[in-house]
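Chemist: Residue numbers for the sequence shown follow the numbering used here, so the first one is 169 and each next one is one higher.
No lab work stands behind these hints, which were simulated from the structure alone.
Derived Cβ-Cβ restraints for the label pairs, each shown as a range:
id: 1; residue 1: D174; residue 2: T201; range: 15 to 21 Å
id: 2; residue 1: Y176; residue 2: V232; range: 24 to 30 Å
id: 3; residue 1: D194; residue 2: V270; range: 26 to 32 Å
id: 4; residue 1: S184; residue 2: Q267; range: 15 to 21 Å
id: 5; residue 1: I199; residue 2: K266; range: 22 to 28 Å
id: 6; residue 1: E257; residue 2: Q183; range: 24 to 30 Å
All residues carry an ideal CB built from backbone N, CA and C; glycine is no exception.
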Amino acid sequence: MFIKYDEYDLVELFQSEPVSITGNIDDGELIYTYRDEQNFKLILTLDVYKQTSSLSITFNDSIVFTGDFNNVTSIKKDDKAFVMYGGEEERIKVKLHKQIGVELL
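Given the sequences, and given the hints that come with them, work out the whole structure.
Modeler: If you want it as structure tokens, here you go:
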């Protein structure tokens with residue numbers, strides 16, 4: 169099993185390519201980073217094959233939110249946000265427009 173997602177959707181949302189943790193993008197251990205104009209920073213770490221993810225939001229380098237998620241089955245773009253799923257259930261929605269925000273579902 170692995171996390172299903174459209175890599176082009178994540179590149180569009182994060183406005184940059186992911187960075188491989190291991191140095192080999194095919195290993196599926198990736199970091200996506202996004203910074204907005206208000207100095208909020210979002211870091212999404214994926215282990216595609218272990219189906220795990222961590223999410224961190226900072227403001228001026230102070231932690232605002234952090235969470236680790238297991239059994240992540242898919243990530244889907246939703247306008248200027250993305251939703252992480254566990255099975256068929258929406259677990260978390262991360263908004264990237266106007267101000268970075270997290271909604272636990």
